[in-house]
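Colleague: Work out the full structure: start from the sequences and follow the hints.
So the chains spell out like this:
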Amino acid sequence: MADKVIYAMYGDDDVLKDGAKKLVSKGVKIAEVFSPFPIHGIDPIIGVKNTRLGIMAFLYGLTGLALATIGMRYFMVGDWPMNIGGKPNFTYLDNILAFIPISFEFTVLCAAHGMAITYLIVNRTLPGMPASNPDPRTTDDKFVMELRMSENAGFSESELEGMLKDTGMIELDQKEVK
Amino acid sequence: MLTVILMGVGFLFTLIGVFMNMNDDHFITRFLSNFLVDSFFFFSIGLGALFFLALQYATETGWYATVKRVIEGLTGYLPYGILTMVIVLLTLTFMHGDHIYIWMNPDYYSESGHHYDKIIAGKRPYLNEIFFWIRTIAYLGIYYMFYLGFKKRSLEEDRVGGTDIHFRNYRKGALFLVFFAVFSSTSTWDWIMSIDVHWFSTLFGWYVFAGMWCTTMTVLVILVLYLKKQGYLPKVNDSHIHDIGKWTFATSFLWSYMFFSQFMLIWYANIPEEATYFITRIEEFKVLYFGMFFVNFAFPMLILMSRDAKRNARILTLVGILIIAGHWTDVWIMISGGSLGANAHIGWMEIGMALLFAGVFIRIVLTKLTKAPLTPVNHPFLDESIHHDI
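Sequence order for the protein chains is A and R. If you count the first sequence from 1, position 24 lands on 24 in our numbering, and the numbers rise without skipping. If you count the second sequence from 1, position 309 lands on 309 in our numbering, and the numbers rise without skipping.
There's no promise every hint is true.
As the list claims (entries may be wrong) - Here are the simulated BS3-like cross-link-like pairs (lysine-lysine), alpha carbons at most 25 Å apart as the crow flies:
1. R:Lys286 - R:Lys151
2. A:Lys175 - A:Lys26
3. A:Lys142 - A:Lys4
4. R:Lys152 - R:Lys172
5. A:Lys87 - R:Lys172
6. A:Lys49 - R:Lys246
Hints listed in this document are in silico derivations from the structure and should not be mistaken for laboratory results. Computed from a prediction, not measured in an experiment: that's the story for all the values here.
Modeller: In structure tokens, the structure reads:
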């Protein structure tokens, strides 16, 4: 479905934040904000949900813990019982103290890598992926707010542009997307 | 009211404990061990608060400004904590250690003694009453001086404003941390590690320090929640409580890390003179010792992991009270496990004295809180703290 996207550019993050507040209070839905740095407090204004990355981190950590336990159980106890310093090696539990540091490290490794890779995939910013920001200046010192016509069916294009102009933006652009 | 009940119940339990065990051979040792446990435990909460305050000064932290007075209220127990420490250490010195500090007893260190012990005699240059008291007075005196200075400047800031006091606090806070870095280790060696006089562990000071920090953060979060519920801290929002909850969570991990590091290294090396400490603890207090580790590690880890839990007053209070009990047990096993060994157990007297001290502690802290405005007036980061949002 063809859709029309309006981009409004701002020179200051506080102006953008105040503008977003005004627009949202009038019932406008803001699809996205592009910014060179995280704008504190913008998430609740434009209705971005809390991240679920923490839950994924926990699951990745559990995966790491399970893998480490299975691996060490097999290498050090099952396949070939290792005698290190005469420590008990008949069962995993007898020697569990020696395995805890590795379990911990592997948990952290899996959680950290899993989290970083998930983050890059969800944001579509893996190395080599095409950039999705509408204007290269949003990586420098400009801020862009994106509105989608399909999400703002209650407003006409000129109405939206009129409201945007009242919020102190410095540039307006629009694009047809598929 | 609560504090009066706590003190009353504590006193009653202590009396029951005293009458039940009066004819016991170990009665005096047991009583003094308990006195030392509770003196040290509550003293360490006040000291932990002083350390935390100095840490905020030295790092020029902003978010804590609205809870600053609560931290200072906790440091208000410090003079009384110092007093109880001095009383119990003086009593022990006059009683030649009374099985708690056996290195104070000439029977152990002089060659003509019945229990002459070469190792204790060899430690005489460090572990003797005079040097012990020089060090103890240095620790307590310097802590007390910093406490007075922090208190004076904090109240002065309310009147004067400006940033001069802030930068003075910054320098004094950093200076305190320098002293504390050394003293937190050595004071623990003197007061607690010397009970197991043959045993030594370089990690022990940090271990006790981590437990102390964790207890302080837990007490702080409960106190802030209580005061907020009573409506005394209108400027404190969920983010502040979340942050203190994070401190509780993080310091619990720090403590567990220290516990495990010390335990695993000694277990792996398996050198008799080091392993003896854990052999006593595990043989005599297996359930308490590992139960205490489980409570202090697993509860905060599993329950306080999520963001919502750290913002929930009920969960924080419940976990907090469990952790405080866990850390008290930790201190009790460290001290009574060393002085009484197999004869130590938690009975009326232990619980009673802990409740009595807790009642006095809460009463003093709450009284101290009334002495100054609960929100600092001219703190340079006050505005930042009011808008704290994470």
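Colleague: Could you work out which earlier hints the structure fails to respect and list their numbers in ascending sequence?
Modeller: The structure conflicts with hints 1 and 5, although it agrees with all the remaining ones.
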